[in-house]
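Protein sequences, first through last, are from chains A and B. With our numbering as the guide, the letters of the first sequence map in order to residues 1 to 403. With our numbering as the guide, the letters of the second sequence map in order to residues 1 to 328.
Read the hints as simulated data drawn from the structure, not as lab findings. Fair warning: this is a prediction, and the values are worked out from it, not measured in the lab. Some hints could be false.
As the list claims (entries may be wrong) - With a straight-line Cα cutoff of 30 Å, these simulated DSSO-like cross-link-like pairs (lysine-lysine) come out:
(1) A:221 <-> B:57
(2) A:311 <-> A:80
(3) A:373 <-> A:155
(4) B:66 <-> B:147
(5) A:286 <-> B:163
(6) A:342 <-> A:80
(7) A:71 <-> A:385
(8) A:385 <-> A:302
(9) B:163 <-> B:147
(10) A:385 <-> A:177
(11) A:233 <-> B:163
(12) B:147 <-> A:311
(13) A:286 <-> B:147
(14) A:182 <-> A:211
(15) A:203 <-> A:217
(16) A:311 <-> A:286
(17) A:385 <-> A:211
(18) A:221 <-> B:147
(19) A:403 <-> A:177
(20) A:286 <-> B:66
(21) A:364 <-> A:342
(22) A:155 <-> A:348
(23) A:217 <-> B:147
(24) A:217 <-> B:163
(25) A:364 <-> A:302
(26) A:373 <-> A:385
(27) A:335 <-> A:373
(28) A:335 <-> A:155
(29) A:71 <-> B:147
(30) A:286 <-> B:57
(31) A:286 <-> A:221
(32) A:311 <-> B:66
(33) B:163 <-> A:221
(34) A:335 <-> A:302
(35) A:342 <-> A:373
Now for the letters of each chain:
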Amino acid sequence: MTSKRRRFIAVVAVVAAMALMVTGCGAKKDTSDTGGTKKATEVVIGIGAPLSDGAVALGKGMVRGTVLAVKQANASQELKDLGLTIATVEGDDKGDPTTGGSVATQFTSNPNLVGVMGHLNSGVTRVAVKIYNQAGIVQVSPANTAVDLTEMGMKNYFRVCTVDSVQGPAAADYAFKVAGKKVAFVVDDATVYGTGLADEWAKQFAADGGKVAGREKTTDKDTDFKALVTLIKSSGAEIVYYGGIYNSAALLSKQMKEGGVSIPLMGGDGIYDPEFIKLAGAANAKGDFCTSVGLPIDQLPKGQEFQAAFKAEFPSEAIAAYDAYSYDAANVIIKAIVQVAKDLGADKLTTTEGKAAIVAAVAKSSFEGVTGKVEFDAKGDTTNKAITVYTVGADGTWAPAAK
Amino acid sequence: MSLSYLLEQTLNGITLGGLYALVALGYTLVYGILLMINFAHSELFMLGGYVGLGVLKVLSDPAVAKATGWGFLEPIQSFFMSGNFGFVMLLVATFGISAIVVGILGMFIERFAYRPLRHAPRLAPLISAIGVSIFLQNAVLLWIDSKQLPYTRVDGSAFVTAKTAFTIGSVNVSTMQVFIVVTSLVLLALLDTFVSKTRIGRAMRATSQDREAAGLMGVDINRVIALAFFIGPALGAIAGVFNGMYYGSVKFNMGFIPGIKSFTAAVIGGIGNLRGAMLGGFLLGIVESLASGFLSNAYRDVVAFVVLILVLIFRPGGLLGEAVAEKV
Chain A
1 MTSKRRRFIA VVAVVAAMAL MVTGCGAKKD TSDTGGTKKA TEVVIGIGAP LSDGAVALGK
61 GMVRGTVLAV KQANASQELK DLGLTIATVE GDDKGDPTTG GSVATQFTSN PNLVGVMGHL
121 NSGVTRVAVK IYNQAGIVQV SPANTAVDLT EMGMKNYFRV CTVDSVQGPA AADYAFKVAG
181 KKVAFVVDDA TVYGTGLADE WAKQFAADGG KVAGREKTTD KDTDFKALVT LIKSSGAEIV
241 YYGGIYNSAA LLSKQMKEGG VSIPLMGGDG IYDPEFIKLA GAANAKGDFC TSVGLPIDQL
301 PKGQEFQAAF KAEFPSEAIA AYDAYSYDAA NVIIKAIVQV AKDLGADKLT TTEGKAAIVA
361 AVAKSSFEGV TGKVEFDAKG DTTNKAITVY TVGADGTWAP AAK
Chain B
1 MSLSYLLEQT LNGITLGGLY ALVALGYTLV YGILLMINFA HSELFMLGGY VGLGVLKVLS
61 DPAVAKATGW GFLEPIQSFF MSGNFGFVML LVATFGISAI VVGILGMFIE RFAYRPLRHA
121 PRLAPLISAI GVSIFLQNAV LLWIDSKQLP YTRVDGSAFV TAKTAFTIGS VNVSTMQVFI
181 VVTSLVLLAL LDTFVSKTRI GRAMRATSQD REAAGLMGVD INRVIALAFF IGPALGAIAG
241 VFNGMYYGSV KFNMGFIPGI KSFTAAVIGG IGNLRGAMLG GFLLGIVESL ASGFLSNAYR
301 DVVAFVVLIL VLIFRPGGLL GEAVAEKV
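This is chain A alone, in the form it adopts within the complex:
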C-alpha cells in the first residue's frame, strides 16, 4: 500500500468517525413547534430517559408527559408576553449509567439548555447529576427512588416522587399484614434502584415478623429464571419480592407460574406498567402486586383534566406510570423558567446567573400538580409521600388493591 493511499484511508476513517458523531447528535429529536415570532428567546429542556433499551415503556411516557406540559406552556399567553418559547430535546440514556453520563454531557454542552427532566433510573442519575451540578443546571426527576440521591449534596437535584425508604416498607407491610404472607423470597436486578428497594423491603418484612427465605441477584437483562424458580420452589416462600423493572419481573412471574410456583410476585413502581401484564401473560400476572408512588391519577383533583389533555394529544396511547410525574416535573421547571424570565428578563435565562436563579426558583416550587401537591423539602425530596398498592385483577389490568 502506498503512503498516499494509506493517508487517504486515514482521512476517510476520520471523516467517517466525525460523521458518526454528527449523526449521533442529530439523532436527538427536536419536538418543539418553533413556529411563531422569530424574535422569541428559545430555551431548551432536556428529557433524559431510556428510549431504546431498559424500561422503554416508562421512558416513552416521560417524553409524552414533558412534551404535553411544554406544549401547553408554549400555547399560554404568559410565555407569549414574555417573548419566550420552550423547546425539548431527548437524550436516550438506555437505562445505563455510562450512556447517561454521555447524555448529560451532551445536554450541558447545549448553551440554550436550562433544565433537565429526568432520568428514570436512579443509577443513571447518580452519574448524570454530578455533570448537571457542575454546569449549574437544574435536574428534576419524575421517578428516581434511591434514597441517597438527595443526600449527595447536589443542590440542583429535585424529585417529584417519593423514595424507596417509604415505598419498600409500605409494600412489605402490605404483604405481611394485609396479604398475610409470612415467608418471602427476595430477588433484585443488581441495579441501584432494584437493590435499594429490595433491601428496604426485606428489612421491613423481617421487622414485621416475616421470614426472608432467600435473597438472590439477577441482572436487569436476564431472561432465564428457570434455575431461580426451582430454588424459590424449594424455599417454601409464599411471596416473591422483585426489586427491578417490568422486563425481567414479567418473565420471572411467567416462569414461576409455568414452573408450578403459584405464589404472587410483588414489585415496586418499576413494574407498574401494562407491559408487565403483556409480557407475563394476564393469566400468569393475575394476583401479582406492585406499589407505586402517589395516589391513582383518577382519584386526584387534577387527574381528570390531565387524562383529557393526554387523550387529546396522544389518542392512541395509554398513560404509563410516569407520564403524570413527568408532566409535573416538567411543570416545575417551566414555572421556574417563567418566574426567572419575569424577574431577570428572558434573555438572562441561559446565563450562569439565570440558571442559578432557576435552581432557586425550583426549590421554592409550590403548586397543585396532577400527582398531588408539588413541594420540595430542604434536600430536594417531595413532601408528597403517598404510596398506593396495585394488583393485577381478573381483567388483566393494574387496579388499586384492597386495603
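With the hints as your guide, set chain B onto chain A.
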C-alpha cells in the same frame, strides 16, 4: 436440598444446554471451514426468534387476521388451531420458515460482507462481522420495536403451553423441555451424518482441511461455504424460536449473552468440532444451572467462565478438539 432438587436443576441445565448447543453448532461449523468467528451469529439467533414470532402470529393469532383485515387468514388459522395435527403443522411451519429465512439471510451476509474479504487479513472479516451484528441489532430496533415483545398471543397465553410430559419421582418434565432437548440431539445427529457420510459433507471436510487444495480437486468452495452459512444460521434460528417459547420474550439485543455463552460452549468442546460444540453446550448449561441453584444466581456466569478457563488450561484445544499445528 434433596435429590429431586438436584434433578430438577440438572433438568433446567440440560434444556439450557440444548439451546446453547444449537447456537454453538453454528459458530463451530463456520469456524471449522473458514477459521473465522461469525460474530453476527448471535444476531441471527435473535432474528430467528422474531421471524418465528411473526409466523406464529400470522398463522394462529385471530387478532392478526382482524387487525390486518386479511380474511383469507381465517381458514388457514382454523386449520392450524384445530386438533393435534394442525398444531404439529403449526410448529413445523414456524420452525421451518424461521430456519429457511434466517438461513438465506446468513448466505446473503456471507456473500456481501465476508466473501469480498476472504483474502484480506484475518481481522478484516472479524470487524465486518461485528459491523453486521450492530447493523442487524439496530435494524430490528428501528424497524420492529425497541421494546421487549412477549412470545404470546394477544390474550397472553403461550403459543405452546408447557404441559407436563412425564414425572420422575416428584419432578415434572415439561413437553417444552423434552422438545428442546430431543430436537437439538436429532439435529446434531443429522448434521453429523450429513458431514461424515454425504458427498457434499466430504467436500465440507476437505474445504476445512485445505481450502486451496480442495478447490484444485474440483470442490466448489463457494458453494460449500454458502452451505455452511445456511445451516449454521438455520440452527441458530431454531434455537431463537425455542428461546422465545421457553423463556417468553424476544428483544433486539437478546442474542448477546446467549451468543457469548454458546461461543464459550463451542470453545470448551473444541471449536471446529461438531460433537464438541454439543458436549460443550450441555456441559455449560448444566454447570450454570447447578451453580445458580446451589451457590447463588449471581455466581452462574463466574462458574461458567471458570470452567472455560480450566478447560483451556488443561486442554487448550477444547475437550474434543485436536491439537493442530498453526497453519502457516
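Tested hints:
Under the criterion of a C-alpha separation no larger than 30 Å, the hint pairing residue 221 of chain A with residue 57 of chain B is consistent with the structure, at around 25 Å. About 25 Å separates the Cα atoms of residue 311 of chain A and residue 80 of chain A, which keeps this hinted pair within 30 Å; it holds. With a CA separation close to 21 Å, the supplied pair residue 373 of chain A and residue 155 of chain A stays within the 30 Å bound. A hinted pair counts as satisfied when its Cα atoms are at most 30 Å apart, and residue 66 of chain B with residue 147 of chain B qualifies at roughly 23 Å.
Under the criterion of a C-alpha separation no larger than 30 Å, the hint pairing residue 286 of chain A with residue 163 of chain B is consistent with the structure, at around 20 Å. At roughly 12 Å between alpha-carbon atoms, residue 342 of chain A and residue 80 of chain A fall within 30 Å of each other, so this suggested pair holds. A hinted pair counts as satisfied when its Cα atoms are at most 30 Å apart, and residue 71 of chain A with residue 385 of chain A qualifies at roughly 28 Å. Distance restraint check for residue 385 of chain A and residue 302 of chain A: the Cα-Cα separation of roughly 18 Å lies within the 30 Å cut-off, and the hinted pair is therefore satisfied.
A distance of roughly 28 Å separates the Cα atoms of residue 163 of chain B and residue 147 of chain B; the hinted pair therefore holds under the 30 Å criterion. Distance restraint check for residue 385 of chain A and residue 177 of chain A: the Cα-Cα separation of roughly 20 Å lies within the 30 Å cut-off, and the hinted pair is therefore satisfied. For the proposed pair residue 233 of chain A and residue 163 of chain B, the alpha carbon gap of about 18 Å is at most 30 Å, so the pair holds. Using a Cα cut-off of 30 Å, the hinted pair residue 147 of chain B and residue 311 of chain A holds, with the two alpha carbons roughly 22 Å apart.
Distance check on the hinted pair: residue 286 of chain A and residue 147 of chain B sit about 22 Å apart at the alpha-carbon level, within 30 Å; holds. The suggested pairing of residue 182 of chain A with residue 211 of chain A holds, with an alpha-carbon distance near 6 Å, which does not exceed 30 Å. The suggested pairing of residue 203 of chain A with residue 217 of chain A holds, with an alpha-carbon distance near 16 Å, which does not exceed 30 Å. For a cut-off of 30 Å, the pair hint linking residue 311 of chain A to residue 286 of chain A stands: about 27 Å separates their Cα positions.
Of the pairs offered as hints, the one joining residue 385 of chain A and residue 211 of chain A holds, with about 27 Å between alpha carbons and a cut-off of 30 Å not exceeded. A threshold of 30 Å between alpha carbons decides the hint, and for residue 221 of chain A with residue 147 of chain B the separation of about 12 Å falls inside it, so the pair holds. About 10 Å separates the Cα atoms of residue 403 of chain A and residue 177 of chain A, which keeps this hinted pair within 30 Å; it holds. Taking the CA atoms of residue 286 of chain A and residue 66 of chain B, the gap is about 26 Å. The hint holds against a cut of 30 Å.
With a C-alpha separation of about 16 Å, the suggested pairing of residue 364 of chain A with residue 342 of chain A holds against the 30 Å cut-off. Of the pairs offered as hints, the one joining residue 155 of chain A and residue 348 of chain A holds, with about 21 Å between alpha carbons and a cut-off of 30 Å not exceeded. For the given pair, residue 217 of chain A sits about 23 Å from residue 147 of chain B by alpha-carbon distance, which is consistent with the 30 Å threshold. Simply put, residue 217 of chain A and residue 163 of chain B have alpha-carbon atoms about 28 Å apart, close enough for the 30 Å limit, and the pair holds.
For the hint pairing residue 364 of chain A with residue 302 of chain A, the CA-to-CA distance comes to about 21 Å; that is within 30 Å, so the pair holds. Between the alpha carbons of residue 373 of chain A and residue 385 of chain A the distance comes to roughly 10 Å, so the proposed pair stays at or under 30 Å and holds. For a cut-off of 30 Å, the pair hint linking residue 335 of chain A to residue 373 of chain A stands: about 14 Å separates their Cα positions. Distance restraint check for residue 335 of chain A and residue 155 of chain A: the Cα-Cα separation of roughly 18 Å lies within the 30 Å cut-off, and the hinted pair is therefore satisfied.
As the CA atoms of residue 71 of chain A and residue 147 of chain B are separated by approximately 26 Å, the hinted pair is consistent with the 30 Å bound. Our distance criterion of 30 Å between C-alpha atoms is met by residue 286 of chain A and residue 57 of chain B, whose separation comes to about 24 Å. Distance restraint check for residue 286 of chain A and residue 221 of chain A: the Cα-Cα separation of roughly 23 Å lies within the 30 Å cut-off, and the hinted pair is therefore satisfied. Distance hint between residue 311 of chain A and residue 66 of chain B is fulfilled; the C-alpha atoms sit about 25 Å from each other, no more than 30 Å.
This hinted pair checks out: residue 163 of chain B and residue 221 of chain A have alpha carbons roughly 27 Å apart, not beyond 30 Å. Proposed proximity of residue 335 of chain A and residue 302 of chain A is supported: the alpha carbons are some 17 Å apart, at most 30 Å. Distance restraint check for residue 342 of chain A and residue 373 of chain A: the Cα-Cα separation of roughly 24 Å lies within the 30 Å cut-off, and the hinted pair is therefore satisfied.
Violated hints are absent here; each numbered hint is respected by the structure.
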